[in-house]
Amino acid sequence: MAESVIQVQDLRKIYRSGVLRRRSVNALDGVSLDVPQGQVYGLLGPNGAGKTTLIKVLLGIVRKTSGDARVLGYAAGEITARRKVGYLPENHRIPRHLTGSTALEYYGCLSGLSVGEVRRRAPDLLDRVGLAGRERDRVSGYSKGMQQRLGLAQAMLHRPDLIILDEPTDGVDPVGRKQIREVLRSLADEGASIFLNSHLLQEIELICDRVAILSNGSVRKTGSVKELTAAITESPMVFRIATDRTTAESCFELSTVAKVEDVVDGVLDVHASVPEQHKVDRIIDVLRDRGISLLSMKRRDLTLEEAFLQIVQESKS
Amino acid sequence: MRAYLAILKDSFREAVASRVLLIALAGIVIILLLLSPFGLSTDKATELRRSEMRQPEQFLTKLVNGADEEKTPSAHLWTLLNDTQQERVKNLLNPKPDNQPRRRGGLGGNPQRRQLVDQLNELLQAEDFHDADSWRNVTLSDENKELLQQPELSGPELQRRNLLLLTAAFSREIDVTESNAISLDYANATLIGPIPLTPSQFEPIFDQIVVRVVGVFLGFFGVFGSLLVTAGVIPRTFEPGEIALLLSKPVHRSYLFVTKFLGGCIFTTLYASVLVTGIWLLLGIRMGSWQHQLLWCIPVYVFLFMVYYSVSAVAGAVWRNSIVSLVLVVLFWTALQVVGVTETALQDRLINDRGIKEIAIVDSGLLTVDGERNTRVWNAASSGWDEVFEEPPDSMSGFVRRFLASRARFAPVYDSTSNRIFALQLTESRFGGFGKPQLIAGYATDDWERVPLGHLPEVVTTILIGNDGRVILPSSGRIYRYVGQTEQEQRRADFLGNITGGLLSGAGKAFKEIQPGNMPDLGENFAAAINPFGNELLLFGKGQLHRLKPTDDGTYSLSQSRDFGTDDSAVVDVAGQHAVLALASGTIHVLNSETLETVHQQQLAEGVLPRVCTGAPDGSSLAVLTHAETILLFDGNSGQPIAWQPPENGSCSAVAYSSNGQLLVSDGRLAVRKYDVTTGQRLKEWSEPTTWVYDLYDYVVRPLWTVLPKPSELDEFVTYIMSGEKSVLASGVPPWMANRGNLQQQRDTFDPIPVVRDNVIFLMVMLCLGCIHVARKDY
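Residue numbers (my numbering), protein chains in the order written: chain Y, 1 to 317; chain C, 318 to 1096.
Hints in this document: simulated from the structure, not taken from any laboratory.
A hint or two may mislead.
Stated by the list, open to error - Quick list of in silico lysine-lysine cross-link-like pairs, DSSO-like style, CA-CA up to 27 Å:
(1) Lys259(Y) <-> Lys298(Y)
(2) Lys84(Y) <-> Lys1094(C)
(3) Lys226(Y) <-> Lys178(Y)
(4) Lys326(C) <-> Lys84(Y)
(5) Lys407(C) <-> Lys144(Y)
(6) Lys866(C) <-> Lys829(C)
(7) Lys1094(C) <-> Lys326(C)
(8) Lys388(C) <-> Lys326(C)
(9) Lys379(C) <-> Lys407(C)
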């Protein structure tokens, strides 16, 4: 079992506001999470689920209310931990008077690097994120995508043990996204641990080794993408039968049939939602009684989006 | 550390990237370039300056009366004047009633003095100014002798020679203390020159100009400009996108806030450094005045900015809005101004004007004088002070009154032998400055009604009363004794003097000259005291202390002198075996009154000036009151310091002794308390109940003023740095009219420590609040 870079146990964060009329919001409600080393770990969740709060607690930007959170073995927010973490916040703002290279110098020194080290590392890094040749330009002249890439570069600059990215491809064009994905993948291949928070399910699906789904301040499900999308009883079943459409439809209750597809002449795939096993048995009995050949039968895997929506809806209900 | 240096470096980058800084720096460079051709050049003085005509009336009298003498400088000079000029001189001495100019003084100087000096300067150009026979009895300087031997003289050399001849001939009336004259040049062309001020008079004005220029450009434009530019630095830092990134780095939140705050100060530091260094270089290169202390203005104004910026920074961290920050700073500045102005106004009214400044014990009770020179007597029935010895209305007003009031104490002295008080009513001379003072008296039997006794022949600022009731009035070169002529008698004598052209002038008939034949010249800022045991006089002037013994014929003889080797002025008093001499440098000598040997020497805190020395009539103790309102007591028998100090020490505005040696001190307001010096026991109190205005001052305004920072007082701090003077002359007196050596002159004592302390405390509190907020806040 790989060592954990992030360990969260029953983490709670309540935001309180108002002076006379105190209001409180449970942003994190007993989150428990374990992020193994050397993996790209995705954090999924709807707006307001508590994803950014969780990241900010891990970095000490927000104080936890209770529970335990450790980053790289240190208490969340500890300076030693922050020294080993690279972070790209959502909607970050790099001071406008800086250029690409002076921004890297600034954030590199903030991370404890010397100016010389930063200057040695910067060219490769800028090339890697696609900003080579623009390092002398003022940040104020950068597009949103370029700023994201520069943000990513500063997060990687001090070669951290853990990179935490909050919506890294936000505002980046498809080409840029692909480029960022490649950078992240190569980082992962190099053994870096990446904790990624994104709305883009496709991105998570493509990059992440493991995913946690956060909803209403608590983790609803964790696992690999495969595990999350694996067939479950709620998944639709596909019956491949040798018959015509009219006969096939009479064998199924209309309400359960999602669609009927022609495979080859006289062979059909019937997609039906039959979560209960006794209903499956009955369908098989009906097919046998009518002499219809059942060529194959299987439950279909969910897409990540389906799995995500299903989990989120469950948590709401 | 590297992280915080990076933040500072980033602030520097931000400042450099700011166009406002570049525009400001370019503006400064242009101004400095425009100022750079200005310069001062120093030459030998060739003209008489107005302030050097110390005794214009005496000079004119000597000139007019000497007209008929044989072969004297006066007679020779008179011959150099044509009829019109002679008439003009006579008219200056004895103006016709319908020809008296209304305006006396003002910014252009006194017109009569100006007329006189201008006429003399015209005369200095005359080649036949020197006549060997006329100057044969005059002691000439080496420089003068050398110039006289030269066969050919240039115009300026001739004027210089004649000026030296004039000052040598009239050394008592004309005092040319500084031989150099200053001219103001622009690109090597003389703009103004020679400036009609001595270098030592010009120096404080010049310093003031530099302080004002630095104050305006740094204290106002610099600070507010910097606040405008930097108001956004902290709010921008704490914007969600930027702060999250910063806090993810291995930095402490508090250090981050403080470093960002310090980074914001870089703008002002750059601005102040360029401006002050530029002025410093300009003064050094162009004017030869390398004022290194000017460089202190950089940290002082950066500190001033920090005080205001701390408010902006905390507001920026809390509200994350630069407009809110800026508005709060302006409100803060306004609040400080309101509190400061209110505090100053109330202090002026309640303490400076109404507060007791002088105490005089009279047989029937106690007399006091307040800051407005009003005399009051204690009324036991009403437990309050009743005004007595009132000045006639319209005797003088406005600037003249303020100017004169600031020059000398108004300290009535009590003569127990005749049960009356004496005081000197200062007047303004027709030629500006002090005129002949009037001796006035008030009799207990007449409810202290003011009775004029006569005008003294020359400037006198001190009255000494002997144990036999003799009234001694020393001047810088003579000693007068009041011999009892009344004002009416003198007026009659003056009338006779006028109609006989001054030959039978009765001025001074009420006063008999009793100085010794070898009376030393004491200079302008002399001090005098009389020993109640034996009526011996102690006179201090020009660094020398003289002991004068009374003689049988009622005059005085010079008994002993001691040279203190200083140019400092001093205050002095003597009582019994010991005398106390407090020099302007802060050195206090307790002396044996017989031998004038120092038995104890002590140094006041740096910058603290003595104001009054007084001795107990029974000789039991002596006291020194300083301008910082502290008291030092010395034992009259041993001459050693007394450890006990009255509780009023630090806020004591007046000190006096009763006839049996009990100490009376004022609390700076309306109360006088009497103490037994040996036991420290309070014996009596005369205190008028205070009004609600005092309560408002004590419980609202003053605490608020104490708690709040005082950034505006840093301007005074700059003056303190530039001049090195902790005790500055009272406001309202222009620097060129100020007599710095006069210890009696009202002074506003400036103590830099509370100003720096209060501002530092405020700054620390604000930064702590900012740090606490930033440390606790979720971003």
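Hint numbers the structure violates, sorted upward?
5, 8
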